[in-house]
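Just so you know, the sequence shown maps onto residues 3 to 229 in my numbering.
What the hints contain is simulated information worked out from the structure, not anything from laboratory work.
We put the beta carbon where it would ideally sit given N, CA and C, even for glycine.
Watch out, some of these pointers could steer you wrong.
Said to hold, decoys possible - Derived Cβ-Cβ restraints for the label pairs, each shown as a range:
id, residue 1, residue 2, range
1, P188, Q97, 19 to 25 angstroms
2, L163, F48, 36 to 42 angstroms
3, N195, N64, 16 to 22 angstroms
4, G169, E102, 27 to 33 angstroms
5, P32, P218, 26 to 32 angstroms
6, R172, E102, 20 to 26 angstroms
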Amino acid sequence: MTITDNFNEEKKAKDQASALKKIIHKDIEPGVIDEEMIVNIVLSGFKDEAGRLARSETLDLNSVTVLRLEFLKILKIDHLWVMPNLKILSLAFNQIDKIENLDMLSNLIELNLSFNYIKKIENLDALIKLEILSLYGNQIRVLENIDSLENLLIFSVGENLIETYKGIERLRFLKSLRSFNIEENPIAKDFDNPMRIYIAAFLPDLKYYNYAYITPEERIQGRKKYK
Numbered sequence: 003m004t005i006t007d008n009f010n011e012e013k014k015a016k017d018q019a020s021a022l023k024k025i026i027h028k029d030i031e032p033g034v035i036d037e038e039m040i041v042n043i044v045l046s047g048f049k050d051e052a053g054r055l056a057r058s059e060t061l062d063l064n065s066v067t068v069l070r071l072e073f074l075k076i077l078k079i080d081h082l083w084v085m086p087n088l089k090i091l092s093l094a095f096n097q098i099d100k101i102e103n104l105d106m107l108s109n110l111i112e113l114n115l116s117f118n119y120i121k122k123i124e125n126l127d128a129l130i131k132l133e134i135l136s137l138y139g140n141q142i143r144v145l146e147n148i149d150s151l152e153n154l155l156i157f158s159v160g161e162n163l164i165e166t167y168k169g170i171e172r173l174r175f176l177k178s179l180r181s182f183n184i185e186e187n188p189i190a191k192d193f194d195n196p197m198r199i200y201i202a203a204f205l206p207d208l209k210y211y212n213y214a215y216i217t218p219e220e221r222i223q224g225r226k227k228y229k
């Protein structure tokens with residue numbers, strides 16, 4: 003996935019979230035991640051003859067590399083250890099309030115936890131191959147516990163509750179990081195001290211902020227302001 007693709011996906015997700023706020027699903031029970039849910043979702047991705055064949059055989063969850071459990075009112079991350087070879091996981095648009103039970107997913111490359119109720123970044127140390135992490139639209143207040151994500155390329159914590167610069171400068175130690183989004187947080191609404199200029203000054207390896215290229219002029223402006 004490119005920087006542009008990620009921007010488009012995030013914009014689409016935001017539009018979906020806005021629309022969903024107008025709809026009340028009283029008839030939908032909270033979802034529980036178990037083997038039945040996983041199998042049903044995986045099989046629903048097969049079409050026509052492929053679907054018929056998949057349903058006639060025993061599904062090998064070890065071979066599944068992509069899983070999207072979205073819009074299911076899931077309360078807790080669980081039971082994903084049955085899929086140790088997952089590379090792409092989306093749990094967006096649920097009711098998850100804690101990042102947990104991901105230790106067995108060491109092959110994960112992309113993780114989308116957007117539009118949940120997560121309050122803290124935690125329990126990601128095992129995801130050493132992770133390249134894309136989206137925590138957009140949660141309730142996070144501090145950037146923390148991501149130092150182990152050495153392969154991270156794209157990181158979004160837009161539309162959270164972050165009010166402090168704490169943790170932002172530590173992103174410079176993530177040498178692979180190229181795109182970062184923290185817009186629509188309280189910290190990014192200080193127009194006298196634009197977050198974009200701060201980022202340009204303190205994250206020299208970063209190429210894109212809020213999916214827009216950081217220019218040499220912004221680097222110079224940042225260095226002058228924060229020297």
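The hints, checked one at a time:
1. Between P188 and Q97 the CB atoms are about 23 angstroms apart, so this pair conforms to the stated range of 19 to 25 angstroms.
2. The hinted window of 36 to 42 angstroms between L163 and F48 holds, with their beta carbons roughly 40 angstroms apart.
3. Between N195 and N64, the C-beta spacing of about 50 angstroms breaks the proposed range 16 to 22 angstroms.
4. For G169 and E102, the Cβ-Cβ distance of about 20 angstroms falls outside the hinted range of 27 to 33 angstroms, so the restraint is violated.
5. Distance hint check: the CB atoms of P32 and P218 are about 50 angstroms apart, inconsistent with the given range 26 to 32 angstroms.
6. Checked against the hint of 20 to 26 angstroms, the C-beta distance between R172 and E102 comes to roughly 22 angstroms, which is consistent with it.
Consistency with the previously given hints fails for numbers 3, 4 and 5, ordered from lowest to highest.
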